[in-house]
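Chemist: Can you make the complete structure from the sequences, with help from the hints?
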Amino acid sequence: MGGPIISIIQLSFLLIVLVSHQTHGEQCVSPKVTSDIYTTPETLLSTETVYIVEFTLDCSNKPKELNLYAKVDDSFIQVTKSLDNKRYQLSWTSSHSQAPVGLITVDVYDGETYGKVKQAVRSGETSEYEANFQLEFNHKGVWKGAWLKSELLALTVVGLVWFLAYRHKNYICS
Amino acid sequence: MMSVSLLLLTIISLFGISNAADEKSARLLISKTILNEALVSGKDLTIHYEIFNVGPSSATGVELSDTSFRISDYKHISGLSKVRWEHIGASSNVSHTIVVRPLSPGAQNITSAHVSYIAIEGEPPVNAYSSEPGEYYIFPEREYDRLHSSHWIEWAIFAAMTLPSIGMPFLLWYRSRSRYVDQIKPKKH
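Chains A and B supply the protein sequences, listed in that same order.
For my numbering, count along the first sequence from 1 and bump the result up by 4.
For my numbering, count along the second sequence from 1 and bump the result up by 1.
Calculated directly from the structure, the hints in this document are not laboratory data.
Positions of the beta carbon are idealized from the N, C-alpha and C atoms, including for glycine.
Be aware that one or more of the hints could be misleading.
As the list claims (entries may be wrong) - Computed footprint of chain A on chain B, listed as stretches where at least three residues anywhere in the stretch have a Cβ under 8 Å from a Cβ of chain A:
| hint | stretch |
| --- | --- |
| 1 | 30 to 42 |
| 2 | 97 to 107 |
| 3 | 117 to 130 |
Modeler: Below you can see the structure in the form of structure tokens.
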């Protein structure tokens with residue numbers, strides 16, 4: 005009597021679980037990240053500071069399709085994937101004056117956690133969900149040009165030498 | 002009579018269906034811009050892509066592929082040239098950046114990137130192209146250095162070269178002055 009009812013409940017539970025996995029992608033268990041970083045070195049070569057993080061992700065559950073979302077400046081950015089699903093790239097830009105410098109930490113959420121976070125935001129809950137992993141890298145800042153121009157220093161030295169000579173000449177001739 | 006009205010009805014309904022399909026279709030606009038103020042051979046060139054979905058529904062399976070930077074002319078520094086977003090929602094946008102390095106100076110025409118995406122569920126992917134940045138002149142590195150690098154080495158060489166013509170008279174004067182001063186000082190005492 006209870007058999008078919010229980011199986012219906014189990015089936016519906018399984019369906020719910022499967023559907024929730026499909027809405028935003030699978031999850032990544034015990035992630036291991038290897039990353040390559042690029043940040044803009046000079047202002048002349050780019051009008052905005054660009055951050056590019058290319059990384060590969062090793063998950064113990066080996067998901068087939070994984071959608072990742074990174075939290076940058078309090079908003080979520082979709083992480084792009086290479087066509088063979090092996091490499092990911094997170095990139096964003098910022099104006100030079102507002103670009104963060106030094107150690108930068110970015111929280112990355114897999115599809116499942118991201119779905120939960122969005123759900124919490126929609127229902128007005130304040131419960132915090134932990135990021136699945138973090139990307140950490142250093143940005144040295146942009147080189148805006150030499151702070152002391154060599155021409156200025158050369159001019160100063162020449163001016164100083166001339167001044168000393170002129171002063172001494174006046175002293176001799178007076 | 003019946004068949005004509007039936008035909009009319011099917012035509013109208015098809016028109017209605019295609020309209021509904023357009024209403025549910027995603028539409029992507031892609032911009033490809035060069036972020037550099039100056040393009041110099043041997044220095045980084047930053048390319049920024051932005052994809053805007055101006056349609057009323059989401060685009061899925063968005064694949065951006067940029068083959069305009071050939072290996073023979075550019076070295077890839079950072080960023081993937083062929084990427085995929087699973088889903089771009091209606092009225093939202095995504096961005097992507099890559100960095101390459103031109104290998105030789107001269108005029109270069111930078112062409113569009115290609116994007117394919119599924120605008121309507123169940124239909125084959127749609128092709129779209131980004132904006133074209135156009136023709137740019139890539140400066141040789143020497144010209145760029147002449148304008149923008151700090152010239153400490155050149156000034157040091159200049160100082161070394163002018164030192165004899167200033168130093169020699171100074172040394173002669175100083176030697177004679179020191180002898181003169183030595184003669185005056187004993188006389189005073």
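Chemist: None of the hints should be skipped; say for each whether it holds.
Modeler: Structure-based check of each hint:
1. 30 to 42: holds (count 5)
2. 97 to 107: holds (count 4)
3. 117 to 130: Coverage by chain A is violated for the stretch 117 to 130 of chain B (0 residues, Cβ < 8 Å).
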